[in-house]
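Student: Below are the chains, spelled out letter by letter.
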Amino acid sequence: QQQVKQSPQSLIVQKGGIPIINCAYENTAFDYFPWYQQFPGKGPALLIAIRPDVSEKKEGRFTISFNKSAKQFSLHIMDSQPGDSATYFCAAKASGSRLTFGEGTQLTVNP
Amino acid sequence: GAGVSQSPSNKVTEKGKDVELRCDPISGHTALYWYRQRLGQGLEFLIYFQGNSAPDKSGLPSDRFSAERTGESVSTLTIQRTQQEDSAVYLCASSLEGTNNQPQHFGDGTRLSIL
Numbered sequence: 006q007q008q009v010k011q012s013p014q015s016l017i018v019q020k021g022g023i024p025i026i027n028c029a030y031e032n033t034a035f036d037y038f039p040w041y042q043q044f045p046g047k048g049p050a051l052l053i054a055i056r057p058d059v060s061e062k063k064e065g066r067f068t069i070s071f072n073k074s075a076k077q078f079s080l081h082i083m084d085s086q087p088g089d090s091a092t093y094f095c096a097a098k099a100s101g102s103r104l105t106f107g108e109g110t111q112l113t114v115n116p
Numbered sequence: 002g003a004g005v006s007q008s009p010s011n012k013v014t015e016k017g018k019d020v021e022l023r024c025d026p027i028s029g030h031t032a033l034y035w036y037r038q039r040l041g042q043g044l045e046f047l048i049y050f051q052g053n054s055a056p057d058k059s060g061l062p063s064d065r066f067s068a069e070r071t072g073e074s075v076s077t078l079t080i081q082r083t084q085q086e087d088s089a090v091y092l093c094a095s096s097l098e099g100t101n102n103q104p105q106h107f108g109d110g111t112r113l114s115i116l
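So the sequence lines, in the order shown, correspond to chains A and B.
Residue numbering for the first sequence follows the working numbering, starting at 6 and increasing by one per position.
Residue numbering for the second sequence follows the working numbering, starting at 2 and increasing by one per position.
Accuracy of the hints is not assured; some may be wrong.
Here are the simulated DMTMM-like cross-link-like pairs (lysine to aspartate or glutamate), alpha carbons at most 25 Å apart as the crow flies [to be verified]:
#: 1; chain 1: A; residue 1: Lys47; chain 2: B; residue 2: Asp25
#: 2; chain 1: A; residue 1: Lys63; chain 2: A; residue 2: Asp89
#: 3; chain 1: A; residue 1: Lys62; chain 2: B; residue 2: Glu98
#: 4; chain 1: A; residue 1: Lys47; chain 2: B; residue 2: Glu45
#: 5; chain 1: A; residue 1: Lys47; chain 2: B; residue 2: Glu69
#: 6; chain 1: B; residue 1: Lys12; chain 2: B; residue 2: Glu86
What the hints contain is simulated information worked out from the structure, not anything from laboratory work.
Make the full structure from the sequences, and use the hints.
Tutor: Have a look at this one:
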């Protein structure tokens, strides 16, 4: 019940494309869903986060879509750039508990 | 700097030796977390400190692993009698407070290699 399943494991797109990374969860107590971006040799950095009372959140070129009934959420990167090439992790948390991370998606944006 | 600081950045040691990893959280952050990240994998929770409360040690993989934190400052993760499967990046994160949804800020990790 604590698992967060992330797909795909890796993704290659051309510059300007819209990569989509999906996550699914089982624990209905989860109420906070952040996405982290990690560059090689660096720690993960918070990118954007959503709570289940909204279905979509945008910050710049990054959008989270949230489907509460399906217990799924996804990250969309608009107008992707080579500098977006990184590993992306979804995560989920219930109030009073710790973050559970997905396994990560390695994104490559080709010039 | 203002971020989470971890040291050393790299550590190579022989199997069977003990290692100590250090984390300096962001000043004022009461919550501190340790994670392990094996090559190409996700983040595996190890231990969580929140203020003066008893730590959540539920993620520690064996009794060879232990961690301490002095008040709301520095934390050390100790691995005794290291094994080759302990090779990984050990990440530390801190947040303003752990029970609400405060963002976790990560250090760049200690890359541990066991020969």
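Student: Each of the hints needs a verdict: does it hold here or not?
Tutor: Quick rundown of the hints versus the structure:
1. Our distance criterion of 25 Å between C-alpha atoms is met by A:Lys47 and B:Asp25, whose separation comes to about 16 Å.
2. Only pairs whose Cα atoms come within 25 Å are accepted, and A:Lys63 paired with A:Asp89 is accepted, the gap being roughly 16 Å.
3. Between A:Lys62 and B:Glu98 the CA atoms are separated by roughly 24 Å; this keeps the pair inside 25 Å, and the hint holds.
4. Taken as a hint, the A:Lys47 and B:Glu45 pair is honoured in the structure, with Cα atoms around 16 Å apart against an allowance of 25 Å.
5. A distance of roughly 24 Å separates the Cα atoms of A:Lys47 and B:Glu69; the hinted pair therefore holds under the 25 Å criterion.
6. This hinted pair checks out: B:Lys12 and B:Glu86 have alpha carbons roughly 15 Å apart, not beyond 25 Å.
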